[in-house]
Amino acid sequence: MKNFTLRKTYHPYISPFDPCPPVREKTYYTPAQLYLGYQPQNLEQFSPKEALKAGTLWKVFYDPYYGPNEKRRGPYE
Amino acid sequence: MSNKQLPQEFYTMMEELQTLDFVLVELTLYLDTHPDDYNAITQFNEFSHARRILKNQFEEKFGPLQQFGNSYSDYPWNWNDPPWPWQI
Amino acid sequence: MWIYEKKLQYPVRVSECNPRLAKYLIEQYGGADGELAAALRYLNQRYTIPDKVIGLLTDIGTEEFAHLEMIATMIYKLTKDATPEMLKAAGIEDHYVNHDNALFYQNASGVPFTASYIQAKGDPITDLYEDIAAEEKARATYQWIIDMSDDPDLNDGLRFLREREIVHSQRFREAVEMLKEERDRKKIF
Ligand SMILES: [Fe+2]
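Chains as they are written, first to last, in my numbering: chain A, 1389 to 1465; chain B, 13 to 100; chain C, 221 to 409.
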């Protein structure tokens, strides 16, 4: 399976004089294309129906993004 | 648009076509950078065949998907019949 | 030439009449990293790039037009039959007095589309790196639109579009590798 993570976090400096409530942990996104290199042949695929819903035929690229107010849905998580 | 309502079958068949075509889009981009992948080309040709059959079935029921002669026409000319993709 | 197909790439749905979300989405219609810019960028670069990656630029450029139509469909559905009061409440009355319900190639702040969004340097590696960056920027834009949206059906379509940027980025990275390859030497997988 995947030997990389799709999210990374960091902890920014927080000043006592920052007026907005601090977000102590920030997240950024590191999708599969940063790691895969030239795509190897015969990687595992979704079924056609799942592929359309996922937005990709190959499981390795699947990386659904949900907003802060959304419940994570998606049957392939 | 008129008051003509689309039957559920339209949505089902349309999504089947979108499904096959999505696999074909993915394989097309993949083969553009992997021209020697025999398995992928075999899969591509199988899906290409299946989409041709489904296209004909869809068009017999719901009219042409393409024009400039890529689809047949009924009489009268039915390419202009709604709904268009953003209306359905 | 191009042949139009009377079908969306993906079944687009939105949950409710919501002109405010349309205002955000216009960023991906006529913005710097939007689908129009993407389609025009890739198709335009084809004339000055080695033959072996022209097919890829043609196909991704063509898919981007399908994405443009999806965005237009979302905007159309979010604003169809919205009353002037609703448009006012959504803060897009300034769009309305100029364009009524018409779509316009502009970004979310109302800046009209310009060709300067589309780089074309004529150097194949430079142009492909531009394309990789463009895909990552479009991916990020979809993230920020999803963050602002509370429409589950709309977000379903936006997630599909974001995922496509991931795959496009992958293919452009592979195109760079194809151009780096030494002549007559086989690829090593
Ligand atoms: Fe793209």
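Just so you know, these hints were derived from the structure itself, not from any lab. Since the model is a prediction, treat every value here as computed from it, not as a measurement. One or more of the hints may lead you astray.
Stated by the list, open to error - Capping the alpha-carbon separation at 30 Å, the derived lysine-lysine pairs in BS3-like fashion look like this:
id	chain 1	residue 1	chain 2	residue 2
1	A	K1414	A	K1437
2	C	K297	A	K1459
3	C	K272	A	K1447
4	A	K1437	C	K226
5	A	K1447	B	K73
6	B	K73	C	K357
7	A	K1447	C	K227
8	C	K297	A	K1437
9	C	K272	B	K16
10	A	K1459	B	K16
11	A	K1459	A	K1390
12	C	K400	A	K1414
13	A	K1447	C	K357
14	C	K357	B	K16
15	A	K1396	A	K1414
16	A	K1437	C	K357
Stated by the list, open to error - Taking CB as the label site, the calculated pair distances span:
id	chain 1	residue 1	chain 2	residue 2	range
17	A	P1428	C	E313	49 to 55 Å
18	B	D86	A	T1397	56 to 62 Å
19	A	P1456	B	P47	28 to 34 Å
20	B	Q79	A	P1456	30 to 36 Å
21	B	I65	A	E1413	50 to 56 Å
22	A	R1460	C	Y349	46 to 52 Å
23	A	R1460	B	K16	35 to 41 Å
24	C	Y267	A	I1402	40 to 46 Å
25	A	R1460	C	C237	25 to 31 Å
26	C	Y224	A	T1397	40 to 46 Å
27	B	M25	C	P372	20 to 26 Å
28	A	P1410	C	Y224	37 to 43 Å
For each residue, glycine too, the CB sits at the ideal point set by N, CA and C.
So, going through the hints one by one against the coordinates:
1. A/K1414 with A/K1437: The hint is violated at about 34 Å.
2. C/K297 with A/K1459: Satisfied, since the Cα-Cα distance of roughly 23 Å is no more than 30 Å.
3. C/K272 with A/K1447: The hint holds at about 27 Å.
4. A/K1437 with C/K226: Given that 30 Å is the threshold and the Cα spacing comes to 20 Å, the pair holds.
5. A/K1447 with B/K73: Since the Cα atoms of A/K1447 and B/K73 sit roughly 35 Å apart, the hinted pair is violated (cutoff 30 Å).
6. B/K73 with C/K357: Measuring from Cα to Cα gives roughly 41 Å; hence the hint is violated.
7. A/K1447 with C/K227: holds (26 Å)
8. C/K297 with A/K1437: holds (25 Å)
9. C/K272 with B/K16: Status violated; Cα separation ~48 Å.
10. A/K1459 with B/K16: With Cα atoms ~36 Å apart, A/K1459 and B/K16 exceed 30 Å; violated.
11. A/K1459 with A/K1390: It holds: about 24 Å lies between the C-alpha atoms, which stays within 30 Å.
12. C/K400 with A/K1414: violated (36 Å)
13. A/K1447 with C/K357: holds (22 Å)
14. C/K357 with B/K16: violated (41 Å)
15. A/K1396 with A/K1414: holds (8 Å)
16. A/K1437 with C/K357: holds (28 Å)
17. A/P1428 with C/E313: 49 to 55 Å: 53 Å Cβ-Cβ, so the 49 to 55 Å window holds.
18. B/D86 with A/T1397: 56 to 62 Å: With Cβ atoms ~59 Å apart, the hint holds.
19. A/P1456 with B/P47: 28 to 34 Å: The hinted range 28 to 34 Å is violated for A/P1456 and B/P47, with Cβ atoms some 43 Å apart.
20. B/Q79 with A/P1456: 30 to 36 Å: violated (44 Å)
21. B/I65 with A/E1413: 50 to 56 Å: holds (52 Å)
22. A/R1460 with C/Y349: 46 to 52 Å: violated (33 Å)
23. A/R1460 with B/K16: 35 to 41 Å: Given about 39 Å between the Cβ atoms, the range holds.
24. C/Y267 with A/I1402: 40 to 46 Å: Between C/Y267 and A/I1402, where Cβ atoms are some 51 Å apart, the hint is violated.
25. A/R1460 with C/C237: 25 to 31 Å: Roughly 26 Å apart at Cβ, these two residues keep to the hinted range, so it holds.
26. C/Y224 with A/T1397: 40 to 46 Å: At roughly 45 Å between Cβ atoms, A/T1397 and C/Y224 fall inside 40 to 46 Å, so the hint holds.
27. B/M25 with C/P372: 20 to 26 Å: holds (25 Å)
28. A/P1410 with C/Y224: 37 to 43 Å: With Cβ atoms ~51 Å apart, the hint is violated.
This entry does not satisfy hints 1, 5, 6, 9, 10, 12, 14, 19, 20, 22, 24, 28, going by the numbered hints stated previously.
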